[in-house]
Every structure is written in structure tokens, then in C-alpha cells.
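Knowing the structure of chain S, use the given hints to seat chain Y on it.
Residue numbers (my numbering), protein chains in the order written: chain S, 90 to 495; chain Y, 110 to 283.
Hints listed in this document are in silico derivations from the structure and should not be mistaken for laboratory results. Quick caveat, the model's predicted, so the values are computed rather than measured. Careful, some of the hints might be misleading.
Stated by the list, open to error - Okay, derived cross-link-like pairs now, EDC-like style, lysine to aspartate or glutamate, Cα gap no bigger than 20 Å in a straight line:
#1 S/K329 - Y/D119
#2 S/K443 - S/D356
#3 Y/K190 - Y/D204
#4 Y/K155 - S/D170
#5 Y/K190 - Y/E241
#6 Y/K195 - Y/E239
Claimed, not checked - Just so you have them, the derived chain Y footprint on chain S, three or more residues with Cβ under 8 Å:
#7 142-153
#8 170-181
Idealized CB from N, CA, C, for every residue including glycine.
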Amino acid sequence: MAANFSNSLVRWIDHRLPVFSYLRHAAYDYPTPKNLNYWWNFGSLAGISLAIMIVSGIALAMNYTPHVNHAFDSVERIMRDVNYGWLIRYIHMNGASFFFIVVYIHIFRGVYFGSYKSPRELLWILGVIILLLMMATAFMGYVLPWGQMSFWGATVITNLFSAVPLIGESLVTWLWGGFSIDNPTLNRFFVLHYLFPFIIVSIVLLHIVALHRFGSNNPLGIDIKYPNDTIPFHPYYTIKDAYGLGVFLILFAGVVFFAPNFFGEPDNYIPSNPLSTPLHIVPEWYFLPFYAILRSIPDKLGGVISMFGSIVVLLLLPWLDRSPVRSGHFRGVFKIFFGILLIDIVALGYLGGKPSRGMYVIFSRLATAYYFAYFLVILPVLSKFDSSRLLPKSISTPMPEVNGIE
Amino acid sequence: MNNKNTSRRDFLITTTNAFGIVGVACFAWPFIDQMNPAADMLALAKVDCDLSKITAGQSATLIWRGKPIFVRHRTAQEIEKANLVKLADLPDPEDDSSRAQRPEYLIVVGICTHLGCVPLGQNPNEPKGEYEGWFCPCHGSQYDTSGRIRKGPAPTNLPVPKYRYVSDTVVRIG
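The shape of chain S in the complex, shown without the other chains (with noise of 0.2 Å):
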């Protein structure tokens, strides 16, 4: 593949190096469906999201101080007195928000067009322990600025661990350094917070290299058949992601300047002490549905494999859906399941910020059975009755006869 490069010093060094070879076959000649629609936006810009957050986070690491005595005045300095310090803070809160966001709708666009089916798989097993390690980025970054959501937060989610049988006590005390949330808990979160966004972009770049294996998804989901079913991702995706982002930018900037802290809990501007707990203590937003399966079942160890649970049956996703037809535009009874698992999840983001009590147990109850339902029972038996239509030929052989494709 001899790259023809208009600058000879470009020439020069890929010839080299083919650093240039690479980016312009990973992001400029990459053939693309030509079909993609919006819901393709959300890997690009989950991708700037992990951009502005590395950016905003070694900004404020630069200001911050992991010790307990001094966290909170850190935070409250880098808001007050450092130069912009109070855009860099509110950038980064309100990024992890939007990043889960993107990321979420990115996820679901996956399990709509069943981005996840062979030869999928791995991709798609690379974006769910991309899911995790944000997890827990978020969560020991959550704990920083040692608020009392902060403490609490992290005293709950360390004590999960110590539902595990026999050695639960001691996995707990490894985790804390010690017998409660101390200093020790927080100057290994800081470093982990710091350490693991670098692990997310080597798995990231893992999941483009898998991505460009076979190419991009696309929403009739079927493969490309001629070469003119695609086209170049330079102009057409580069201008279309631009777009995306420059609507996706508007929004961000909309509540980092107007509503800074409407995803955030003003406990967390109280310091952390370690002797009262909050009345009403609850997790992010975005940790919420899981936190509502957690509770909805009435023991320790089923609670914790159950929250676990729900992040390993997406790992098993590309082998419980065993439909041979990729898109949910071509499975009509799907349609129906998927819309319904999509208002579940959002009735246990709902439930899970509620009180743990009455009716709220019971329908998180509900919800969480569904959630279960969907991927276990639903999905592997609407893999043997769901008659699917007829498949259009290509990407550039429209069906009029079939319904559903807009």
C-alpha cells in the first residue's frame, strides 16, 4: 500500500513511519456505509467526550491535593481562586455526565441494530469493559472531592465487596487500606482515577482497530456487498460528525454555563464526616438503574451478583440473541421487547433515586425481572419465533416492498 503524500516530508517519514498511511486509512479513505444515520454519531463523540475529560482532569489534578485534610479545600480553592478553575471543575463534573450519555445511547444503538452479532462479538466485549472501567473511574473520581456524598458513596460501594463469601472482610480492608475510608482509600483513588482513563484509550483504540476489521454496522444490518455501498469517511462522516458535535457542544456548554450543578447533589459541598451519613444517600445518575437492581433484592450476596449480573448478561449479549438478522427495523416483535426494555431501564434510573420502600420495592422488583427477562428468556426465545421480513439484497438496493426502512 505505497502512499502517494502531495508534502515530501511527510513522504519521508511515512515512508518510515506510516503513521500517515494509518490515519489516512483509519480516518479519511475508511470505507463507511453510506447509510448511517444519526444514532452513528455517539462513538465519535463518546470518543471527544473521553478527550475533554482526560484535557479537564490533568488540569485539575495539577490543582487538586489527595489528602483528607486538604481535599475539599482543594476543590473549593480550584473553584474559587484558580484561574478558570471553577470552568475546569464544572467542564469535568458535567462531562462524566455527558460522556455516560453518549455513551449509553451509544450502547443502545448497539443493541437496536444488533451492532453485537458475529463477527461483532469482540468489539462489542471490548465497549462493555470500556463501560466498566467508567464505572469505576467515575466512582473513585466521584469520591475526590471528599464531600459527604463523596465519603458515603465511596463506604457503600467498597462495602458491596464484603458480600463476598469468606474472604468479603478482608477483600473490604485490602480495598480501604485500612478499617475505614481514610487517607490511605483516597490517595489510591486519586491514582487510580488518574491512571485508568489511559487504560480506557489503549482498549479504545483496540475497539477501532476491531471496528475497521469488518467496518461499521449500519441500520439495515446487513454486510456490504458492492463498493459503491460505501463511501469514503472523509468528507461524509468528518462533516456529519462535525455536526454532531457542534449540537452535542451547544448542550454541554448549555449546563456547564446555566446549570452547573444540576446532575450533582449538594450534599456533596458539605465536607465528608465520617460520623453522621446523609438521610438520603444515592449514587450518580448515571449508576442508578444498577443501583435499583442492587436494592430490589432482599439479600446482600443476590443484590451484589445481580448488579454485577446486569453488566455480565451485555457480555453474553452476542450469544443469547441468536436471531441471524442484525437490525431491529427487520424484527417486528423485537421492537416491541426493545421498547419496552428501553422504558424499563429508565423506570429503574427512575426507582433507583427513590426511596428504598413501598411501592417503589415493588415495581423495582418489576423492573429488575424484566431487565433479566429481556436478555435471558426474551431475547434467546425470540431467536426461534420471530419471523423476520424479508432483507433488502444491499445497502443500494432499496426494497420498496419492505417496510420499516425509513
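Frame of chain S, contents of chain Y only:
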């Protein structure tokens, strides 16, 4: 593609790129500026010194913006010595009278202008160098009783910070 379309597209690409570059620059500025001194650091920019506690021949060292400030209550001989030097003999010619608002108190930033070490000479048991001022142990720069460089690799005199007398005995630096 005709000529008209080409120029229209070129215009759009150029405007898009220009806006992108301006946008990235605006985004970058807060991240650069956060490394500049913060408001709490700038608020430490003034420090007062009570001169009545320093007798003639004594020196005091203050900290201003994290730097040592040398305050020396000079004796009559020291002032005379500083005034007798010919300007032509100085690597960085400066009149002693322009370096001290009141000749008996010399106030300079105690950082060698070579590479930032703190010169010796504040304590009576430290070497003051050949010119009775300060001696930098790092690379051997020697300063006179007016804090001017006389010998060694340092290029300029010890700088005089901004200061004013707020009363007869109190000086405010910064």
C-alpha cells in the same frame, strides 16, 4: 463541477476551519491560564516589615511571594562604601541612591541573578564576599553593600522590589 461551485465550497471549508481554530484556541486558553498564579497566590503579594527591630549592621530576611527579601540596616561606613564606587567599575551600573529610598535601609530580592540561589551574608557568621555585601555559594557571585554585582557570573544587581514606607518604622513590600 463548475468554477462557481468550487469557490463556494472553498469558502465554506475555509470559514469552517477558521471557526474551528478560533474555537479550539478559546477552549485552550482557560487550560493554559489555570497554570498561572491563582487568586490566593496573588493575595499574598504584600508583606510588612517593622524596621525598628533591626539595629544598624543587622539584616532581616522576609518572605514575599515565596522569595527571600533581604532588608539590611546599613551602617554609615557601608553606605559610604557603596557611594564611593565609580559607576564605570560596575558590571551593571546603578547609583546607590537609586537603590534605596532611605539610605540606611537596603531592601533587595535575595535571589542571585545568575541561576536563582540564595546568596550568603545575612547572618554574621556567613561569608559576605570581597565587597562586604553578599556571596553566592553556588557559582561565586559577589555583591557589594548596595546589592550590586561586582564579580562572578551573575549578570545584574540584586533587584529592588516595589516597596513604600507606610510609617516611620514600617515598610510594605509589594
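Exercise. Which of the numbered hints are not met once you compare them with the structure shown?
Worked result: Of the numbered hints given earlier, the structure breaks none, since each of them holds.
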